[in-house]
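Asks: Could you put together the complete structure from these sequences and hints?
Taken in order, these protein sequences are the chains called F and B.
Going by the numbering used here, the first sequence opens with residue 1, and the numbers climb by one from there.
Going by the numbering used here, the second sequence opens with residue 1, and the numbers climb by one from there.
Don't read these hints as lab results, they were simulated from the structure.
The structure presented is a predicted model; accordingly, all values stated were derived computationally and were not measured.
Where is the CB? At the ideal position from N, CA and C, for every residue including glycine.
Certain hints may be false.
Over the 10 angstroms line for every Cβ pair with chain B, so calculated as not near, a few chain F residues [stated by the list, open to error]:
id	residue
1	Glu26
2	Pro239
3	Ala349
4	Pro375
5	Ala411
6	Arg448
To give an idea of the chain F side of the interface with chain B (calculated C-beta under 8 angstroms), a few residues [said to hold, decoys possible]:
id	residue
7	Pro87
8	Phe96
9	Ala175
10	Asp181
11	Leu183
12	Asn184
13	Trp278
14	Gly280
15	Ala391
16	Gly401
17	Gly421
18	Arg444
19	Asn468
20	Val470
21	Gly474
22	Arg567
Not close to chain B: a few residues of chain F, all C-beta gaps over 12 angstroms, as computed [as the list claims (entries may be wrong)]:
id	residue
23	Glu5
24	Asp7
25	Asp62
26	Gly396
27	Asp566
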Amino acid sequence: MVASEYDAVIVGAGGDGPVAAWKLAEAGLSVLVLEAGPFHGNEKWPKPHEDPGGEASSSIEDLSGELLDEQFTTREFEMVNKLIFGPADHERGFYFRKFPGDGAILQCSGVGGTTLHYTGNHPRAYPASIDEQGHWPIDYADLVPYYQEIEEMCEVAPAPVTAKEELFFRGAAAAGWDLLDELNVTEPGYRPQPNAIRQPDEKLHVDADYDGDFQYPEVEGDTLALGNIAGNPHPRGAPFEEKAKRASNISFVPPALKTGNVTIRPNAFVTDIHTDTWFGDDPSATGVEFRDTWSGDKEDVEAEVVVLAAGAIETPRLWKNADLPENDWVGSGMTIHFGDNVMGLFEGADLDGTLGTDTVDQFQGQDIAARFDYPGLGMLQTVGTTPGLGAILGFGASASGFTFQNDTSDAPWDTMGRLAGRELKETLAEYRRMLQILVVSDDRPHERNGVTVVPGVSDENGSIPLVNYVPSDGDKKRRDELAEIAAEILREAGASHVHRSDSPPTALHVQSTMRMGKVVDTACEAYDVDRLFVADHSALANSVGGVNPTNTGQALAARTAEKIVDRYF
Amino acid sequence: MEGNNVTRRTVLRGVAAGGGTLAVSGQAAGSSTTFDTHTKITFRAIVDAVLPETPGLEDSLGAEHVPGGLAVDLEAFLITYANDLFTFGLPYVGEVGNIPIASPVAAVLDLAAKELLAEGDNEDEPSVDRPLSLLEPEDESAWVVRFVAGTFAKLSRRDRLRAIGLLDGYELELSPVSGTVFEADAGLVGQLVVGFAEVIYYSEWEGYDEFTQPPSQREHANDPAEVQSWRQTGYPGFSDGYAALRGYVGTPDGPLGGGDVWTEIDDDGAVLVTRDSGHFRENDYDTSDYEEPYPEGA
Ligand SMILES: Cc1cc2nc3c(=O)[nH]c(=O)nc-3n(C[C@H](O)[C@H](O)[C@H](O)COP(=O)(O)OP(=O)(O)OC[C@H]3O[C@@H](n4cnc5c(N)ncnc54)[C@H](O)[C@@H]3O)c2cc1C
Numbered sequence: 001m002v003a004s005e006y007d008a009v010i011v012g013a014g015g016d017g018p019v020a021a022w023k024l025a026e027a028g029l030s031v032l033v034l035e036a037g038p039f040h041g042n043e044k045w046p047k048p049h050e051d052p053g054g055e056a057s058s059s060i061e062d063l064s065g066e067l068l069d070e071q072f073t074t075r076e077f078e079m080v081n082k083l084i085f086g087p088a089d090h091e092r093g094f095y096f097r098k099f100p101g102d103g104a105i106l107q108c109s110g111v112g113g114t115t116l117h118y119t120g121n122h123p124r125a126y127p128a129s130i131d132e133q134g135h136w137p138i139d140y141a142d143l144v145p146y147y148q149e150i151e152e153m154c155e156v157a158p159a160p161v162t163a164k165e166e167l168f169f170r171g172a173a174a175a176g177w178d179l180l181d182e183l184n185v186t187e188p189g190y191r192p193q194p195n196a197i198r199q200p201d202e203k204l205h206v207d208a209d210y211d212g213d214f215q216y217p218e219v220e221g222d223t224l225a226l227g228n229i230a231g232n233p234h235p236r237g238a239p240f241e242e243k244a245k246r247a248s249n250i251s252f253v254p255p256a257l258k259t260g261n262v263t264i265r266p267n268a269f270v271t272d273i274h275t276d277t278w279f280g281d282d283p284s285a286t287g288v289e290f291r292d293t294w295s296g297d298k299e300d301v302e303a304e305v306v307v308l309a310a311g312a313i314e315t316p317r318l319w320k321n322a323d324l325p326e327n328d329w330v331g332s333g334m335t336i337h338f339g340d341n342v343m344g345l346f347e348g349a350d351l352d353g354t355l356g357t358d359t360v361d362q363f364q365g366q367d368i369a370a371r372f373d374y375p376g377l378g379m380l381q382t383v384g385t386t387p388g389l390g391a392i393l394g395f396g397a398s399a400s401g402f403t404f405q406n407d408t409s410d411a412p413w414d415t416m417g418r419l420a421g422r423e424l425k426e427t428l429a430e431y432r433r434m435l436q437i438l439v440v441s442d443d444r445p446h447e448r449n450g451v452t453v454v455p456g457v458s459d460e461n462g463s464i465p466l467v468n469y470v471p472s473d474g475d476k477k478r479r480d481e482l483a484e485i486a487a488e489i490l491r492e493a494g495a496s497h498v499h500r501s502d503s504p505p506t507a508l509h510v511q512s513t514m515r516m517g518k519v520v521d522t523a524c525e526a527y528d529v530d531r532l533f534v535a536d537h538s539a540l541a542n543s544v545g546g547v548n549p550t551n552t553g554q555a556l557a558a559r560t561a562e563k564i565v566d567r568y569f
Numbered sequence: 001m002e003g004n005n006v007t008r009r010t011v012l013r014g015v016a017a018g019g020g021t022l023a024v025s026g027q028a029a030g031s032s033t034t035f036d037t038h039t040k041i042t043f044r045a046i047v048d049a050v051l052p053e054t055p056g057l058e059d060s061l062g063a064e065h066v067p068g069g070l071a072v073d074l075e076a077f078l079i080t081y082a083n084d085l086f087t088f089g090l091p092y093v094g095e096v097g098n099i100p101i102a103s104p105v106a107a108v109l110d111l112a113a114k115e116l117l118a119e120g121d122n123e124d125e126p127s128v129d130r131p132l133s134l135l136e137p138e139d140e141s142a143w144v145v146r147f148v149a150g151t152f153a154k155l156s157r158r159d160r161l162r163a164i165g166l167l168d169g170y171e172l173e174l175s176p177v178s179g180t181v182f183e184a185d186a187g188l189v190g191q192l193v194v195g196f197a198e199v200i201y202y203s204e205w206e207g208y209d210e211f212t213q214p215p216s217q218r219e220h221a222n223d224p225a226e227v228q229s230w231r232q233t234g235y236p237g238f239s240d241g242y243a244a245l246r247g248y249v250g251t252p253d254g255p256l257g258g259g260d261v262w263t264e265i266d267d268d269g270a271v272l273v274t275r276d277s278g279h280f281r282e283n284d285y286d287t288s289d290y291e292e293p294y295p296e297g298a
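Replies: Here it is, written out as structure tokens:
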């Protein structure tokens with residue numbers, strides 16, 4: 001039974017919420033985490049998409065690797081449907097949001113949040129994006145100790161090399177770029193990904209003739225079977241905490257529960273924030289209202305502090321629906337790392353020469369294990385996908401129509417646009433000889449981009465988020481230059497055909513909608529509402545240079561938890 | 001829009017109450033059977049354009065590359081999926097709270113097709129022979145198809161794609177529950193009929209006994225023999241692991257990499273793949289000479 005009062009209530013158990021929960025609980029506070037989605041791998045919810053199950057979980061004993069194995073089937077279509085933001089009940093569809101063009105927002109619900117989808121890449125921000133771009137009121141140096149703490153908790157280490165990474169590194173080296181070996185990146189170059197995925201067992205070396213069944217405890221660590229976007233439960237048979245991918249449900253939820261001070265209540269959608277005005281003008285947060293997504297019943301809970309960690313779309317939506325004081329920047333300044341896809345197709349004979357095999361076999365290895373950094377522009381990363389996700393992410397959408405509508409005779413790519421019809425089938429027939437590069441640009445916070453709500457356009461949880469995103473000229477130029485670098489790396493690696501998607505804005509990384517310095521102060525407490533904190537990616541002051549944001553979001557959440565204790569306990 | 005009496009806006013009025021009925025303005029009134037048939041024909045035309053049968057690939061790639069989405073009834077699942085895709089969340093009513101969008105999507109595609117024709121951007125003449133050619137033995141009679149098929153289904157494959165491409169410029173007015181109208185970009189339609197058709201087709205979907213079952217009751221053989229698209233991509237099915245480790249990238253003197261050299265990445269042996277992993281360096285950093293490659297305008 002959830003109590004009626006806690007020291008802290010955290011809204012959302014996504015990438016960052018569990019970090020704050022763990023830190024606050026370590027400091028001795030009683031913490032309730034309310035999560036809109038289900039809790040996978042927990043004995044209280046043996047069929048989390050079919051039955052309402054139990055109410056809340058406060059014990060590490062509830063966690064079950066066996067249940068996670070059962071629920072995380074690694075089948076791509078099924079898993080995406082299970083994880084994408086919507087109610088847990090499998091009979092009901094996703095929550096609808098308005099997003100421009102044929103792009104989309106990819107966010108998950110459930111304990112672990114969007115880190116259930118994430119591919120474990122855990123680099124730090126580029127120092128210059130914090131110290132030189134003028135958006136952050138704190139220094140990069142302030143974050144470093146928290147990065148160290150998070151990296152240790154998530155076991156961040158250099159990602160392993162399989163065929164696709166070797167191909168990329170060869171291309172990058174041949175194109176004249178340097179190998180980087182540092183954590184704080186200030187120059188362009190390529191690196192292995194710093195990944196929050198346990199390194200594979202050395203038994204899995206191509207030379208070691210392993211022919212076992214990849215089950216724990218015979219193998220520990222990652223099993224090089226892709227599947228991070230589908231949740232990655234590997235190695236099969238491992239206890240919950242021994243799963244290789246350190247998504248926040250694996251890295252931070254167990255230590256949070258171990259404190260004995262944390263209760264997690266899934267299937268609980270927070271719809272309102274309660275405030276009181278005691279002294280002076282500023283209201284103070286006193287608790288929240290939430291709605292059980294199965295029964296529809298509403299409950300209230302009181303707290304000394306309220307921490308918003310619902311992600312960069314839902315946190316500003318909740319603020320707006322809760323009728324808190326107006327602040328023009330709530331919801332504004334959203335960055336999404338305006339991205340693109342550049343694909344290389346290779347001939348078998350050429351691959352044989354460079355790799356010693358005539359296929360790349362992108363389904364082997366980790367999804368994203370190699371990267372190229374360019375402070376000021378953003379990053380590139382290799383991507384392995386299962387064919388369905390590869391088709392939609394790499395070819396299913398474009399801002400410039402279908403390939404047959406685009407003249408690419410003067411372009412660095414052979415084809416550009418959306419693929420369908422015979423061209424699509426011909427390209428996907430080359431699935432085993434393909435290397436995909438994801439372009440991720442350092443887009444900047446612009447006031448027009450972000451989340452608004454319109455009264456009346458609502459679902460069961462209140463007015464729905466209407467999302468706007470229009471990149472600036474600078475954003476487009478940064479992305480274009482990165483796409484050209486990607487094409488060159490692929491050519492140098494020996495690609496016989498290079499394809500650019502010219503993807504429409506698609507939000508995989510969403511941040512900076514409740515920016516530090518605009519909506520929240522340097523401790524991430526709202527300027528306009530006391531005792532209301534933000535501990536998710538919406539508090540980031542910009543797009544952290546275009547690098548994967550979760551290390552920074554989590555580092556900041558850890559720092560915010562300390563500030564909460566300092567200020568109020 | 002000049003020379004075109006098709007409105008750019010179409011109203012999808014989702015009266016999601018009471019089981020979720022939907023009316024589409026600007027659409028000829030008709031019985032729900034007519035709507036169902038129109039939707040079916042249109043979705044068949046979508047699948048035929050996005051994932052066509054390709055006899056032309058037999059010689060170059062092999063016979064397994066010939067069948068397309070229609071051979072695996074992708075259109076039927078796409079309709080079901082579209083109708084279950086979004087919930088506006090009438091509490092307590094489960095799937096009937098979902099907003100069925102397949103029929104309005106089909107109507108929107110006809111509007112886009114008419115616009116393509118009005119603009120003269122089609123390359124081929126529309127013809128009712130096209131939907132007729134997609135008929136299957138157990139289907140409605142040819143005269144029903146002649147009567148019900150919309151403009152979209154009559155376009156050539158390429159022109160159907162062109163019509164879909166026009167949708168990004170459209171605004172849809174959606175009215176979820178309360179009667180308040182708001183606009184949604186019709187790019188959603190293009191995403192559904194192209195992007196979703198592609199992800200479903202190339203995923204494991206075909207291999208389920210029944211995807212609409214509760215997740216714990218679905219069976220999947222994880223066998224390319226059961227999934228046409230896996231045979232076309234060469235994807236071997238999901239695996240618990242691969243012995244695919246080549247090692248770790250590093251340099252002879254740096255902290256990354258370690259142990260035996262497995263291969264050299266560049267010609268002069270400055271970058272290697274080694275057997276063991278090293279670690280990243282906690283380096284001092286200096287950002288004072290950072291320059292914006294593309295400064296934001298003032
Ligand atoms: C395919 C994919 C791959 C990615 N890979 C990487 C990667 O490798 N590295 C990286 O750094 N980033 C990656 N990301 C991005 C990363 O996952 C997100 O940036 C990160 O999870 C954001 O954390 P968050 O806490 O801000 O929000 P989320 O993780 O989205 O968490 C928000 C949580 O709040 C819950 N919630 C929302 N509203 C409410 C409410 N009103 N009441 C209660 N609960 C609510 C949600 O259900 C969710 O669980 C990836 C994203 C995708 C889609």
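Asks: Indicate, hint by hint, whether the structure satisfies it.
Replies: Here is what the structure says about each hint:
Listed as outside the interface, Glu26/F is consistent with that label: its C-beta sits roughly 24 angstroms from the nearest C-beta of chain B, beyond the 10 angstroms cut-off. The non-interface label for Pro239/F is consistent with chain B: the shortest C-beta to C-beta separation is roughly 16 angstroms, beyond 10 angstroms. Interface exclusion of Ala349/F from chain B stands, the closest Cβ pair being 17 angstroms apart, more than 10 angstroms. Listed as outside the interface, Pro375/F is inconsistent with that label: its C-beta sits roughly 7 angstroms from the nearest C-beta of chain B, within the 10 angstroms cut-off.
The claim that Ala411/F lies off the interface holds: its Cβ sits roughly 19 angstroms from the closest Cβ of chain B, which is beyond the 10 angstroms cut-off. The beta carbon of Arg448/F is kept farther than 10 angstroms from every beta carbon of chain B, the shortest such distance being approximately 13 angstroms. Because the closest C-beta pair between Pro87/F and chain B is about 7 angstroms apart, less than 8 angstroms, the hint holds. Hint status for Phe96/F: holds, given a least beta-carbon distance of 4 angstroms to chain B, under 8 angstroms.
Interface hint status for Ala175/F: violated, as the beta-carbon distance to the closest one in chain B is roughly 11 angstroms, over 8 angstroms. This hint holds: Asp181/F has a C-beta 5 angstroms from the nearest C-beta of chain B, less than the 8 angstroms allowed. A least Cβ separation of about 5 angstroms between Leu183/F and chain B falls short of the 8 angstroms threshold, and the interface hint therefore holds. Interface hint at Asn184/F: satisfied, since its Cβ lies 4 angstroms from the closest Cβ of chain B, which is below the 8 angstroms cut-off.
Using the Cβ-Cβ criterion of 8 angstroms, the hint placing Trp278/F at the interface with chain B is not satisfied: the shortest such distance is roughly 35 angstroms. Against a cut-off of 8 angstroms between C-beta atoms, the interface hint on Gly280/F is violated, since the closest Cβ of chain B lies about 37 angstroms away. Satisfaction of the interface hint for Ala391/F is found here, the shortest Cβ-Cβ separation to chain B being roughly 4 angstroms, below the 8 angstroms cut-off. Given the 8 angstroms rule on beta carbons, the hint for Gly401/F holds: about 5 angstroms separates it from the nearest Cβ of chain B.
Hint on Gly421/F holds. Least Cβ distance to chain B is approximately 6 angstroms, under the 8 angstroms limit. Checking Arg444/F against chain B by beta carbon gives a least distance of about 6 angstroms; that is within 8 angstroms, so the hint holds. Below 8 angstroms, beta-carbon pairs count as interface contacts, and Asn468/F has none with chain B, the closest being about 10 angstroms; its hint is therefore violated. Because the closest C-beta pair between Val470/F and chain B is about 12 angstroms apart, greater than 8 angstroms, the hint is violated.
At a threshold of 8 angstroms, the smallest CB-CB gap from Gly474/F to chain B is about 4 angstroms, leaving the interface hint in force. The criterion of a C-beta within 8 angstroms of any C-beta in chain B is not met by Arg567/F, whose closest approach is roughly 30 angstroms, and the hint is violated. Every C-beta of chain B lies more than 12 angstroms from that of Glu5/F, the closest at about 26 angstroms, which supports listing it as non-interface. Every CB of chain B is more than 12 angstroms from the CB of Asp7/F (nearest about 31 angstroms), matching its label as outside the interface.
The claim that Asp62/F is not at the interface with chain B holds, since no C-beta of that chain comes within 12 angstroms of its own (minimum 19 angstroms). Separation of Gly396/F from chain B is inadequate, the least Cβ-Cβ distance of about 4 angstroms not exceeding the 12 angstroms criterion. Here Asp566/F stays apart from chain B, with its beta-carbon at least about 26 angstroms from theirs, past the 12 angstroms limit.
Violation of the numbered hints given earlier is confined to hints 4, 9, 13, 14, 19, 20, 22, 26; the remaining hints are satisfied by the structure.
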